[in-house]
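Residues per chain, in single letters:
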Amino acid sequence: MTLIYQGITLIVVLLIGWHILRERRLTDQMEAALVLLPLILRLLMIK
Amino acid sequence: MSEYLPELWPLLAMVGAFVIGTFALKLPVSISLVIASVVGAAVGGHGFPLRHLVEGTFGYLDTLLIIATAMVFMRMIQASGLLDTVAHGMTARFHHRPATLLVLMMLFAMSAGMITGSSTAAVLTTGAIVAPVFMALGISRNKTGAIIAMAGILGMIAPPVNIPVMIIGGGVDMPYIGFTLPLLVLTVPMAIVIVLFLGLRSARAANIEPDMLPKSYHDQYGLKLYLPLILLVVLIVGEQALPRIVPALGMPFIFTICAAVTPFTGRRFQPLVASREAMGAALPVMGILAGVGMFLQIMALTGGRGFMVSMLVGLPLALLYLSIGVSMPLFGAVSAYGSASILGVPFVLALLGSNEILVASALSLIAAMGDLMPPTALAGLFAAKVVEQPNYIKVLKHCLAPAGLTIVASLGFIATAGFWDRFLFWDNRLGVYGILAGAVILMAGLVLLLDRTGSRHKPAEVK
Amino acid sequence: MSSDRTNEKTRSYGNRWTALGLFGAVAVTVFLVALDFRAMWLDPPIYPGPGVTGQARLSDYFSGIDGTAADTDVYFLEGEEAGGTALVLGGTHPNEPASSLSAITLIESAVVARGRLIVIPRAVHSGFTATDPQEGYPQVYHIETPTGVREFRYGGRGTNPIHQWPDPVIYVNGSGQQLAGPEVRNLNRSYPGDPNGYLTERLAFAIVEMIRQEGIDLSIDLHEASPEYPVINAMVAHENAVDLAVEAALLLELEGIQIGVEPSPANLRGLSHREWGDATGTKAILIESANPAQGRLRGPTTEALIVEGVDRYYIRAAELGLLYVPFGKEGSPLDERVGRHLQTVSMLLEVFSSADPDRTIAVEHLPTLGEIRQNGLGAFLAPPEK
Numbered sequence: 001m002t003l004i005y006q007g008i009t010l011i012v013v014l015l016i017g018w019h020i021l022r023e024r025r026l027t028d029q030m031e032a033a034l035v036l037l038p039l040i041l042r043l044l045m046i047k
Numbered sequence: 001m002s003e004y005l006p007e008l009w010p011l012l013a014m015v016g017a018f019v020i021g022t023f024a025l026k027l028p029v030s031i032s033l034v035i036a037s038v039v040g041a042a043v044g045g046h047g048f049p050l051r052h053l054v055e056g057t058f059g060y061l062d063t064l065l066i067i068a069t070a071m072v073f074m075r076m077i078q079a080s081g082l083l084d085t086v087a088h089g090m091t092a093r094f095h096h097r098p099a100t101l102l103v104l105m106m107l108f109a110m111s112a113g114m115i116t117g118s119s120t121a122a123v124l125t126t127g128a129i130v131a132p133v134f135m136a137l138g139i140s141r142n143k144t145g146a147i148i149a150m151a152g153i154l155g156m157i158a159p160p161v162n163i164p165v166m167i168i169g170g171g172v173d174m175p176y177i178g179f180t181l182p183l184l185v186l187t188v189p190m191a192i193v194i195v196l197f198l199g200l201r202s203a204r205a206a207n208i209e210p211d212m213l214p215k216s217y218h219d220q221y222g223l224k225l226y227l228p229l230i231l232l233v234v235l236i237v238g239e240q241a242l243p244r245i246v247p248a249l250g251m252p253f254i255f256t257i258c259a260a261v262t263p264f265t266g267r268r269f270q271p272l273v274a275s276r277e278a279m280g281a282a283l284p285v286m287g288i289l290a291g292v293g294m295f296l297q298i299m300a301l302t303g304g305r306g307f308m309v310s311m312l313v314g315l316p317l318a319l320l321y322l323s324i325g326v327s328m329p330l331f332g333a334v335s336a337y338g339s340a341s342i343l344g345v346p347f348v349l350a351l352l353g354s355n356e357i358l359v360a361s362a363l364s365l366i367a368a369m370g371d372l373m374p375p376t377a378l379a380g381l382f383a384a385k386v387v388e389q390p391n392y393i394k395v396l397k398h399c400l401a402p403a404g405l406t407i408v409a410s411l412g413f414i415a416t417a418g419f420w421d422r423f424l425f426w427d428n429r430l431g432v433y434g435i436l437a438g439a440v441i442l443m444a445g446l447v448l449l450l451d452r453t454g455s456r457h458k459p460a461e462v463k
Numbered sequence: 001m002s003s004d005r006t007n008e009k010t011r012s013y014g015n016r017w018t019a020l021g022l023f024g025a026v027a028v029t030v031f032l033v034a035l036d037f038r039a040m041w042l043d044p045p046i047y048p049g050p051g052v053t054g055q056a057r058l059s060d061y062f063s064g065i066d067g068t069a070a071d072t073d074v075y076f077l078e079g080e081e082a083g084g085t086a087l088v089l090g091g092t093h094p095n096e097p098a099s100s101l102s103a104i105t106l107i108e109s110a111v112v113a114r115g116r117l118i119v120i121p122r123a124v125h126s127g128f129t130a131t132d133p134q135e136g137y138p139q140v141y142h143i144e145t146p147t148g149v150r151e152f153r154y155g156g157r158g159t160n161p162i163h164q165w166p167d168p169v170i171y172v173n174g175s176g177q178q179l180a181g182p183e184v185r186n187l188n189r190s191y192p193g194d195p196n197g198y199l200t201e202r203l204a205f206a207i208v209e210m211i212r213q214e215g216i217d218l219s220i221d222l223h224e225a226s227p228e229y230p231v232i233n234a235m236v237a238h239e240n241a242v243d244l245a246v247e248a249a250l251l252l253e254l255e256g257i258q259i260g261v262e263p264s265p266a267n268l269r270g271l272s273h274r275e276w277g278d279a280t281g282t283k284a285i286l287i288e289s290a291n292p293a294q295g296r297l298r299g300p301t302t303e304a305l306i307v308e309g310v311d312r313y314y315i316r317a318a319e320l321g322l323l324y325v326p327f328g329k330e331g332s333p334l335d336e337r338v339g340r341h342l343q344t345v346s347m348l349l350e351v352f353s354s355a356d357p358d359r360t361i362a363v364e365h366l367p368t369l370g371e372i373r374q375n376g377l378g379a380f381l382a383p384p385e386k
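Protein chains in written order, with the working numbering: chain A, 1 to 47; chain B, 1 to 463; chain C, 1 to 386.
So that you can see chain A by itself, here it is in the shape it has in the complex:
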């Protein structure tokens, strides 16, 4: 189950990354980057 959840987290991280690349408002890009922090740390199983 942990692997599945890592997979779901990976998908969400990729979608957010894609969104950041297409977004044209800096503040919205920053907001998305903020959300990436916990997701990436959990994806890597660091925290």
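Just so you know, not all the hints are guaranteed correct.
[As the list claims (entries may be wrong)] Among the chain A residues that face chain C by a calculated CB cut under 10 Å, a handful are:
#1 T2
#2 Q6
#3 L10
#4 I20
#5 R25
#6 D28
#7 L34
[Unchecked claim] Covered, in the sense of this in silico footprint (three residues per stretch, anywhere, with C-beta under 8 Å from a C-beta of chain C), are these stretches of chain B:
#8 3-10
#9 41-52
#10 139-149
#11 164-173
#12 216-225
#13 307-320
#14 346-360
Simulated from the structure, these hints should not be mistaken for lab results.
Beta carbons: idealized from backbone N, C-alpha and C, even for Gly.
Based on the hints, put chains B and C in the right spot on chain A.
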């Protein structure tokens, strides 16, 4: 008061920075929360505690995943035509009995919250399904948003799954036993009153034209179209009803499975683009949650949280009720779960002596109103997304009266806990269930009566 | 949904380069905090004292936790003469420092003359590798010893989520009790455990297996609670150990230590004081002391609060009658809490031995509360490695 200044300063700095960021600089709420957290930590003498700032966001990690996946799922069933089809079917069948329809729709909208314990999940699933029905009945966009927001919240509190109560119970070592009746008594009558209050007048006045209804794709795709929804129900109910037999998949995985099936069940659309759009819609909320997490961590670190909780809990009994009614929903601005944990637990301890089950039930309902409190206002925010109202404050305005009523009723429930204790925990179970069954029949009769009398005034005829 | 906000004041400074810049910033932040988080994965050393006669791993009793973060060290202190066996479990909740620290003090200073003492200082080993979010806890605290400063970990309440993820929505424990999802990582809700269950349930199973396989007569689970919590400075005893606890409490009172006794509630399942006794017949007792650092009324969350236990808000709450323990300006220092725990353990062993002399467990060099008050806890801990 001066001895509390070391904790008061960081707290004031945080609130000040947040207000300036949001209102003066017009920054997104999430970014303002980050700035407020950084400022608060610095004022509190902790420098730039990167570890604390990032650690705070982890409090909502699972919620972030639920929101992201639920949003993708909702966008997909919208694109596949499922939402429109269900709305069409319901309205065409029941529109001549508005009161009955409203009550049934309300209970249906609550159902996802009852099972998942999450107002967000409820608003984005069953809420999204009934919203077009309400709008087709002539209820305004904003009132519809308010109804599904309230449905999500009441559903979250209604049994069988009430996570705020479990959080409070976890803090005082109270097992999750015996909550079903008190929670039903608190939520169901309230739900009926609220939906009729917000919707009945418009629904009666409505003159429904068949071509105004959302389009139905039922004939085109048949039963296949409903597959994602059926799958969702089976997986959620299975997990809750047969734990230890059906594996615990968790909401994010369930939403992912159902979303993955959806592109093959109805209208054609591009799933990847729909997913990215869904993420774009979910990100402001996810950002706020991450920011709130930071904010809470810095409040705990600097002592601002303790200052608040101490001042509130230390009030004399009369003021304690006022403080519960005001502070719990306010604190819910950072999430209803947070309010249940940080304030719910000390309030239960402060009210020891009354039946703890009843007190915790009512407190959970009051805490849940926090899901309407900006800036997070999870229920209001997602309800606004569902009804496509960009300014969620307009939706929240219509929630004000129902929320106020709910809080007053819950406080009344705590104040009369002695009576409810004798009634709901009466040894004569047959008597309890008899009286409750009578109440249900009475309510159903009243609703039907409303439709009778209503139609005499205004026979809304649709062919 | 970018079209949503065209009516807002647009700030379109963003482009692909700012996006790449933000990716860089995220990467740097992740790297920096990863250093902090990963620093907690190392166990601070424990130095077995003269009384330690053997050491094992908990997985020796149940291989289902072998190689996982749940596996943990078990210390044996065996006397020359045969007698009974007692277990002292510390660190069930790594955010309750007196629990683990009392067990470590036992390992580093106590000597057993008769019978056997089995000590686990970090019951939820995984929990010591992360702090709970939104609590603002420091990752370490320090205790001064005569020859230097020792470092200990302050952990989270349950198993680290990176070792057991995700939580279910509702946790239905082995006894069918429904709990909020995160409780699935709480060892003291998972007893008697499940050999095929979640990691925490397997850990619980391993501990129960150990109690069974070692034939442990008396099992003591050390805890702390916030000062506003009703069951505090108290022992919670399984019905098979209530007499023992009551007698110990009376004798402790003669020595100036106030401690209450609560019978283990029959309907609160999954806890050590209920399930250990039910599952194995061991005499099961849980002990609580007052830790202001885990309370909701606390002011700034600092290392000083953990170690010195002084907090203005708790003093005020005590004046308002909101607490279940006395709380004055001397606070509730960690030294004092460890002293209470150790003297309670010592008294329980004495009362148990006098009731069943064949199963005597006689422990020496166990510091009393008075000795710790006089010399500081550091005097009874091993010196740090240079």
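Verification of the supplied hints:
1. Proximity of A:T2 to chain C holds as hinted, the smallest CB-CB distance being about 5 Å (cut-off 10 Å).
2. For A:Q6, the suggested interface contact is upheld, since its CB lies about 9 Å from the closest CB of chain C, less than 10 Å.
3. At its closest, the beta carbon of A:L10 sits 14 Å from a beta carbon of chain C; the interface hint therefore is violated under the 10 Å criterion.
4. Look at A:I20: its Cβ gets to within about 5 Å of chain C, closer than 10 Å, so that hint holds up.
5. Proximity of A:R25 to chain C holds as hinted, the smallest CB-CB distance being about 5 Å (cut-off 10 Å).
6. The beta carbon of A:D28 is positioned within 10 Å of a beta carbon in chain C (closest approach about 7 Å), and the interface hint is therefore held.
7. Satisfaction of the interface hint for A:L34 is found here, the shortest Cβ-Cβ separation to chain C being roughly 9 Å, below the 10 Å cut-off.
8. Counting residues of the segment 3-10 of chain B whose CB lies closer than 8 Å to any CB of chain C gives 4, so the stated coverage by that chain holds, three being the minimum.
9. Coverage of the segment 41-52 of chain B by chain C holds in this model, with 4 residues showing a Cβ closer than 8 Å to a Cβ of that chain against a need of three.
10. Against chain C, the segment 139-149 of chain B contributes 0 residues with a C-beta closer than 8 Å to a partner C-beta. That does not satisfy the three-residue criterion, and the hint is violated.
11. A count of 6 residues in the segment 164-173 of chain B with a Cβ less than 8 Å from any Cβ of chain C is obtained; the coverage claim is therefore met, three being the minimum.
12. With 0 residues carrying a beta carbon less than 8 Å from a beta carbon of chain C, the segment 216-225 of chain B misses the three-residue requirement, and the given coverage is violated.
13. Coverage of the segment 307-320 of chain B by chain C holds. Counting CB-CB distances below 8 Å, 5 residues qualify, and the rule asks for three or more.
14. Counting residues of the segment 346-360 of chain B whose CB lies closer than 8 Å to any CB of chain C gives 4, so the stated coverage by that chain holds, three being the minimum.
Of the numbered hints listed earlier, those contradicted by the structure are 3, 10, 12.
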